[in-house]
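Trainee: Protein chains in written order, with the numbering used here: chain A, 31 to 346; chain B, 346 to 714.
If you're looking for bench data, these hints aren't it; they were derived computationally from the structure.
Fair warning: there could be bad hints in the mix.
Unchecked claim - If you only want the chain A side, here are some residues facing chain B, beta carbon under 10 Å, derived:
1) PRO33
2) TYR75
3) ILE189
Said to hold, decoys possible - Some chain B residues close to chain A (C-beta under 8 Å, calculated; not the full set):
4) LEU638
5) PRO641
6) LEU679
Don't be surprised by glycine CBs; every beta carbon is placed ideally from N, CA and C.
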Amino acid sequence: MIPMLLGVSLLSFLLLQLSPGDPLSAQRGNPQVPDALIHRIETEYGFDKPVPEQYLLWLSRTLHGDLGYSFKYKRPVADVIRERVGATLLLAVFSSLLSWLLAVPLGVWAALRRGQWPDRLVSLTAFVGMSLPSFFLALLLLFAASVAPPIPGFGRFPIGGLVSPEFDQFGLWERIGDVLRHLLIPGLVLAVGGVAGLQRVCRGSMLETLRQPYVLAARARGLPQRSVLWRHAFRNAANPLITLLGFEFSALLSGAAFTEIITSWPGLGLVALEAVRAKDLFLVMATVLMGSFLLLAGNLLSDLLHAWNDPRVKLS
Amino acid sequence: MNHALRRFESVLSANTPARVSFWVLVALYLAAIFAPWLAPYAGDDESRACSWAPPSTIHLRELDGSWHAPFVRAVSYSFDDDARRVWTEDSSCRFPIRFLVHGRLLGLDHPVVSPVVGRDAPTGRLYQQPGRPYEPAGRLYLLGADARGRDLFSRILYGSRVSLTIGVVGVAISTLIALVVGGIAGFAGGWVDGALMRLCEVVMLVPAFYLLMLLRAALPLDWDSRLVYFYIILILSFLGWAGLARILRGMIQSLRQSDFIAASRALGLSPWRNLWRHALPQTFGFLSVQATLSIPGYIVAESGLSLLGLGIQDPQTSWGNLLEESMSIAEIRLHPWSLLPGLFLFAAVLSWNLLGDALRDTFDPRSLS
Chain A
31 MIPMLLGVSL LSFLLLQLSP GDPLSAQRGN PQVPDALIHR IETEYGFDKP VPEQYLLWLS
91 RTLHGDLGYS FKYKRPVADV IRERVGATLL LAVFSSLLSW LLAVPLGVWA ALRRGQWPDR
151 LVSLTAFVGM SLPSFFLALL LLFAASVAPP IPGFGRFPIG GLVSPEFDQF GLWERIGDVL
211 RHLLIPGLVL AVGGVAGLQR VCRGSMLETL RQPYVLAARA RGLPQRSVLW RHAFRNAANP
271 LITLLGFEFS ALLSGAAFTE IITSWPGLGL VALEAVRAKD LFLVMATVLM GSFLLLAGNL
331 LSDLLHAWND PRVKLS
Chain B
346 MNHALRRFES VLSANTPARV SFWVLVALYL AAIFAPWLAP YAGDDESRAC SWAPPSTIHL
406 RELDGSWHAP FVRAVSYSFD DDARRVWTED SSCRFPIRFL VHGRLLGLDH PVVSPVVGRD
466 APTGRLYQQP GRPYEPAGRL YLLGADARGR DLFSRILYGS RVSLTIGVVG VAISTLIALV
526 VGGIAGFAGG WVDGALMRLC EVVMLVPAFY LLMLLRAALP LDWDSRLVYF YIILILSFLG
586 WAGLARILRG MIQSLRQSDF IAASRALGLS PWRNLWRHAL PQTFGFLSVQ ATLSIPGYIV
646 AESGLSLLGL GIQDPQTSWG NLLEESMSIA EIRLHPWSLL PGLFLFAAVL SWNLLGDALR
706 DTFDPRSLS
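Excised from the complex, chain A in its bound form (with noise of 0.2 Å):
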């Protein structure tokens, strides 16, 4: 995991330092900004010294728990992730647990009813979900919200960010609902997306397990319907669906960028691309490291319940 780290880094240092302009273009740019200042801060983050060099001293500092300071929003970097992981990952396991709501019973029903209406229904819907790029559906819903008239007791679809404006003199309650509210579009869309490709594996996996004797057996003994399908085959059937969930993690921290950036979500994929844009180096450095740690993590922690539901896996 570490030496992967120290990849990731390397590579977005190099591919930053192709880039042209550099951190402080901006302040250069400014004729109130002195340039006795500029090469003081050039001198201080090392900005003057050849690319090798600036990259140990980045991961140096880095490993003494400093990130660096962000000359876009004037402020250390770690306290600009700190306000904005916590962003992304509401929204990623919101958006997960609504597709696992939504796909396993979807997969196990198309599974029952192999090659009916159901099963064609699902696996069309499913298609039609895939196929939608998700900051186009982010578009249309966002476009539907703002023409909905207001729903009693719900009140407009909010159009973008975390919070409401009143956030601040809200209750406890409240404020929960508020922020509720405002996962509702653009978890959706990234629901949507994940939902397709775990309602086929479900399927497919469901399809195989139902097949095996134990579920016979478990039938022969008279057991009901719904024991059979969720304590028998269902635990089974997960596996595939388990391993799946790191993979998915990735692909929301990848597709949740574009929904960020369109529902105006405040969280790292917004960040990511104004740090860019920017050229805001530590910042930019932060972001990438951040989100390929957030990926490891969600592949250890599908390793984790992979072993805890399956009692053939062990960990070493």
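Knowing the structure of chain A, use the given hints to seat chain B on it.
Mentor: Same frame as chain A, but now just chain B:
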């Protein structure tokens, strides 16, 4: 090859969604090839007087009730109290829609002055005397216009040339890289294998979106658009090869153990030749399915990049940068037709997905469970 074609035909005849998708794709790609002839206007043909004109209303009846071949009216706008455009049709002339005019499939013919001479119905204003040439600018907007009065339908057609080719070319390049890397890693083994696979893992570890942005940021934004087009293809291929290379390496490794490779090695064939002539062709069925299935990803990635202003830029069109104009809710509410390029994007992606899925069921024996 003939055998593969026959199987492809049988897939299409057995699977209705796949057949429909195939023909949709054929239509889309033909439209892209013949875009300059199919599009009523050139991609940069603008008319500021028609900024954000809605889709043209196609009339069949003249004001006096007589029937005519389909025609449109010239339109103009004024602003109401909420600063929204209000469009009025100038009914003094009609512009017949004709096939094969001005060297294009579809276009407007010269205006015919209406029998109700020059009287514009909504305003009651008198325009010109009969007999004097009067040329209001009629324009045919099948799907509406953009901010600069450019025809959206024409721009979608021109944009399809970028959006539809990027997927195919990108997949071809990344498949080639994957073949070389996966083939060498699988056949050579040892430290070569180890090094190449670690490289793949690093590339796969960076979330695709961040890598996409980093690679794009590595170059200035003000490049010539043709260079940007090729560079974007390169970026997308760079993202796509790693996963495929890993799978290929696994396949090659297991093929290396098989008897026919051992036999040709025993016959003294060089490893390189053995790899290219005997081992790799075994993976082509899998590769063709994989390529079809990954084309949609490339199309969507290009559109996303252009949507964010990091890809194809304005005078040039792609489906993604056409959607850029609808990024703000206020804009979409005023002119919803600017979302239409997304529909074309959706149609292309759905068709590739359905076709790829049908091919997988037939050509990839491992999925038959």
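Trainee: All hints are to be evaluated individually against the structure, with a verdict given for each.
Mentor: Structure-based check of each hint:
The interface hint given for PRO33/A holds, since its Cβ lies 8 Å from the closest Cβ of chain B, which is under the 10 Å cut-off. For the restraint placing TYR75/A at the interface with chain B, the shortest Cβ-Cβ distance is roughly 19 Å, beyond the 10 Å limit, so the hint is violated. Hint status for ILE189/A: holds, given a least beta-carbon distance of 5 Å to chain B, under 10 Å. The interface hint given for LEU638/B is broken, as the beta carbon of that residue sits about 11 Å from the closest beta carbon of chain A, more than 8 Å.
The beta carbon of PRO641/B comes within 7 Å of a beta carbon in chain A, closer than 8 Å, and the hint placing it at the interface holds. Hint status for LEU679/B: violated, given a least beta-carbon distance of 11 Å to chain A, over 8 Å.
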